[in-house]
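With chain A fixed as given, assemble chain B onto it according to the hints.
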Amino acid sequence: MRDAFSNTLVKLAQADKNLLLLTGDHGYALFDEFRKKCPDQYINAGIAEQNMVGMAAGLARIGFRPFVYGLSAFIPIRTVEQIKLDIAHDNLPVVLLGDGAGFVYSHLGTSHQSTEDIACMRATPGIEILSPADRFEMIASMEYAYAARCPVYLRMGKADRGDVHSNIIAQFSSGHLLQIHEGKNDRPGLIATGSMVRTALTLGHNHNLSVWSAPSLKPLDINSVCTAAQICNGLITLEEHSIFGGLGAAVAEITSQHYPVKVLRIGVEDRFSEHCGTYEYLLQEHGIDLNTISEKIIKFYPKIEASL
Amino acid sequence: MTGSTVHIGCAFSIIELLAVLYREYLRYPDNNPRAVDRDYLILSKGHGVMAQYACMYELGWLTDKDINNYFKNGSQLKGLSDSRTPGLEVTSGSLGHGFSIGVGIAMGLLRQNSDQKVYAIVGDGELNEGPIWEGALISSHHKLNNLMLIVDKNGFQAMGETDDVLALGDLSKKFISFGFDTLEVDGHNEIEVSSAIRHLWARKNEKPKALIAKTIKGKGVPFMESDNRWHYTRLDTNTFADAIRALGLTGAK
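Same order as they appear, the protein sequences are chains A and B. Numbering-wise, the first sequence is residues 1 to 308 according to this note's numbering. Numbering-wise, the second sequence is residues 1001 to 1253 according to this note's numbering.
The shape of chain A in the complex, shown without the other chains (with noise of 0.2 Å):
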């Protein structure tokens, strides 16, 4: 997926010298290959990320198109100030890049650890979230997000799960669920977003569950959600980040209104890292892990039990 990412970036750079990555000294070898193909588009803005995202509203001010990378504990959190005043509220094609979303950084603790971006830029006006889940999504996410023309916000997280598509995603369009799995119509379906799309789709295979990926979070489309709604008996979302402001409370906002049914949301619960440890022990302690994520569906859906 990393790999998908960096190359979409220079092949999008290569045609078009106003793309412009700057990154908050981050990126280490993500980079090397732009660097070398094109470097007087890359520019290592320093440890200064608020700095960085107004130059960057400054730099598409007058033409270029800036991509902005860093730890999605800082781009988009560090600096939302500065997206919201400098880059949504004009409406500037400043693509924000935050990597290492939810729990990628597990044995550094709480600073690097992000479960609140996408909560931060769906409450920001005009700007778009992305959230990729394999390769796939991410070469589509990125050229999507070039064609915009507008804020957008890429949240990578979990990078190495594997994909969940088969083939390149020939339609990408703005809020659309992807179907990835066929389950039956008596039990919940599910949707995920990013690194959980792997862990629904192998839910979804164990126990006969329709799934969705989200790769597109806001504006996310009434009529793809309702269409879930529609065909499964209630619904659950996944994610790595919180269960507030996140593609759950996405999800359950349009069917409280749209068409009523059961959600269950699972995500970090309104709490930080306690642990140190690897990511799977995270999510373990998180409890958005394989095996206690069956739990919770079970106990909210204790009618599919028998079938779970």
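It is worth saying that the hints were derived from the structure and are not from the lab. Any given hint could be a false lead.
Claimed, not checked - With a Cα cut of at most 25 Å, we get these calculated DSS-like pairs of lysine-lysine:
hint, chain 1, residue 1, chain 2, residue 2
1, B, Lys1219, B, Lys1143
2, B, Lys1219, B, Lys1078
3, B, Lys1143, A, Lys17
4, A, Lys158, A, Lys296
5, B, Lys1143, A, Lys36
6, B, Lys1204, B, Lys1174
7, A, Lys184, A, Lys296
8, A, Lys37, B, Lys1143
9, B, Lys1173, B, Lys1143
Structure of chain B alone, referenced to chain A:
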């Protein structure tokens, strides 16, 4: 003047600076505030926007109706700078934003080999904000010699004197050490201001420029000068009349 928190003291400290810039330096082809090849004036200290409204009125960019509706329902002229008003480049007032945007514009203009210039006015109180110093570091690192930072050094911020709140020390030395070509002037002496700006641009080097303008908050109205209550306080009917008399104006309402 109706409405509260009009930041009148903040506006009066920069009016001569703005007058010199608009009259002598800023290029707005066809008098168009959104001309693609304009110079950029970024009021990072958005609290002083009332002074800029006055300049924009003189330029014909704002009408009598615009000015008379200031602070009223439906007015485009907000209490702090807003980029949706033609003539205002950035949305500021939340401090420490405008300069970074100016750095980005200046960096982009150099990449485009443009001769357009960027001016960013920050308050000395605004220098409490970290992004200003982040922007200062990178603007000298990238040799942005088309960028001029103008510090409105009136010695006050919302809750008191800058020396008491968060002392700035020797600002000129600070900006010189950050790699800026720096001059200090009396910010109310238009001849001195103009001369300093001309000198800074005339020096052929690769440094960003810093103009430290010593100013007086509330300048021009004796009962307001250096009285920090006028950061927030509005004029009532009597004080408005007194201010108009002190400014030597007549006929204003």
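Problem - A/Lys184 paired with A/Lys296 [C-alpha distance capped at 25 Å] - result: holds (19 Å)
Exercise for the section: Assess, step by step, whether the Cα of B/Lys1143 is no farther than 25 Å from the Cα of A/Lys17, and give holds or violated. Expected result: Holds, at roughly 21 Å.
Problem - Hint consistency between B/Lys1219 and B/Lys1143 [alpha-carbon to alpha-carbon, up to 25 Å] - result: violated (35 Å)
Handout entry: Restraint status (C-alpha distance of A/Lys158 to A/Lys296 at most 25 Å)
Key = holds (22 Å)
Exercise for the section: Would you check the hint for B/Lys1173 and B/Lys1143, treating anything up to 25 Å between C-alpha atoms as holding? Expected result: holds (18 Å)
Problem - Restraint status (C-alpha distance of B/Lys1143 to A/Lys36 at most 25 Å) - result: With a Cα-Cα distance of about 23 Å, the restraint between B/Lys1143 and A/Lys36 holds, given a limit of 25 Å.
Handout entry: Pair hint B/Lys1204 and B/Lys1174, alpha-carbon separation not exceeding 25 Å
Key = holds (21 Å)
Problem - Pair hint A/Lys37 and B/Lys1143, alpha-carbon separation not exceeding 25 Å - result: holds (24 Å)
Problem - Proposed proximity, B/Lys1078 with B/Lys1219 (alpha carbon, max 25 Å) - result: With Cα atoms ~22 Å apart, B/Lys1219 and B/Lys1078 stay inside 25 Å; holds.
In summary, the one numbered hint that this structure violates is 1.
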